[in-house]
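Engineer: Just so you know, the sequences run in chain order A and B. 7 is the number of the first residue of the first sequence in our numbering; add one for each residue after it. 6 is the number of the first residue of the second sequence in our numbering; add one for each residue after it.
Please note that a few of the clues may not be correct.
Unchecked claim - When the alpha-carbon atoms are kept at most 20 Å apart in a straight line, the in silico EDC-like pairs for lysine to aspartate or glutamate are as follows:
{"hint": "1", "chain 1": "B", "residue 1": "LYS41", "chain 2": "B", "residue 2": "GLU19"}
{"hint": "2", "chain 1": "B", "residue 1": "LYS41", "chain 2": "A", "residue 2": "GLU50"}
{"hint": "3", "chain 1": "A", "residue 1": "LYS63", "chain 2": "B", "residue 2": "ASP8"}
Unchecked claim - Quick look at which bits of chain B chain A covers, simulated, 3 or more residues with Cβ under 8 Å:
{"hint": "4", "region": "47 to 59"}
{"hint": "5", "region": "103 to 114"}
Claimed, not checked - Derived Cβ-Cβ restraints for the label pairs, each shown as a range:
{"hint": "6", "chain 1": "A", "residue 1": "GLN23", "chain 2": "B", "residue 2": "HIS76", "range": "42 to 48 Å"}
{"hint": "7", "chain 1": "A", "residue 1": "LYS77", "chain 2": "B", "residue 2": "ALA46", "range": "27 to 33 Å"}
{"hint": "8", "chain 1": "B", "residue 1": "GLN62", "chain 2": "A", "residue 2": "LEU61", "range": "30 to 36 Å"}
{"hint": "9", "chain 1": "B", "residue 1": "ASN71", "chain 2": "A", "residue 2": "PHE80", "range": "36 to 42 Å"}
{"hint": "10", "chain 1": "A", "residue 1": "GLN23", "chain 2": "B", "residue 2": "THR112", "range": "36 to 42 Å"}
Everything labelled a hint here was simulated from the structure, so no lab data went into it. Yeah, the Cβ is synthetic: ideal placement off N, Cα and C, and Gly gets one too.
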Amino acid sequence: DTGVSQNPRHKITKRGQNVTFRCDPISEHNRLYWYRQTLGQGPEFLTYFQNEAQLEKSRLLSDRFSAERPKGSFSTLEIQRTEQGDSAMYLCASSFARGPTNYGYTFGSGTRLTVV
Amino acid sequence: GEDVEQSLFLSVREGDSSVINCTYTDSSSTYLYWYKQEPGAGLQLLTYIFSNMDMKQDQRLTVLLNKKDKHLSLRIADTQTGDSAIYFCAEKTGANNLFFGTGTRLTVIP
């Protein structure tokens, strides 16, 4: 297993365009998380999935953002009509959770989005 | 609500010990984590501590938790230049996500 994989590593897009990022979690992990990190800040939670179900969404996740995990494996995060304020590093993490116990989060290397 | 605070910068000489501090506000935290982030990279989990523990040691890393004062620290013994990075403290409460501090940039001076 190569850990959590994110593609692309970098994305430059023009304001108003749509972008989609992909995350491939560790295969035996049932939970998948998306975070956003802006310059000089810690990561901020966006949303998470338990298998294919999206169980929680942050208020940071505006209507222009949508995330899917259709088969409970990889996930995509789409941003529609991008704005300059969307420029950030988008981090994906996965974990294995059984009941109330969550055995630690593994992060990917992130996708850096620049909106020009 | 959650609030996690860290000092922004720390400089140490190679071979000295580094101590990175973190305070948090949510007393219902279950796990507390330390992550390392190198430039342009994602987050690497260094260690974590369950909230009913006071201390955890893992090779050069020692985590101390003072639950009464809601204070967490990470001590790195014999700090090396490869330890230069940003270190994030994070807490997990009843919610199913992590809440991060703003990070401490550690600079190791050769």
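Engineer: Work down the list of hints and note, for each, if the structure agrees.
Structural biologist: Evaluation of the provided hints:
no. : hint                           : result
1   : B:LYS41 - B:GLU19              : holds, 18 Å
2   : B:LYS41 - A:GLU50              : holds, 16 Å
3   : A:LYS63 - B:ASP8               : holds, 19 Å
4   : 47 to 59                       : holds (count 5)
5   : 103 to 114                     : holds (count 6)
6   : A:GLN23 - B:HIS76: 42 to 48 Å  : holds, 45 Å
7   : A:LYS77 - B:ALA46: 27 to 33 Å  : holds, 28 Å
8   : B:GLN62 - A:LEU61: 30 to 36 Å  : holds, 35 Å
9   : B:ASN71 - A:PHE80: 36 to 42 Å  : holds, 41 Å
10  : A:GLN23 - B:THR112: 36 to 42 Å : holds, 38 Å
Comparing the model with each earlier hint shows no violations; every hint is respected.
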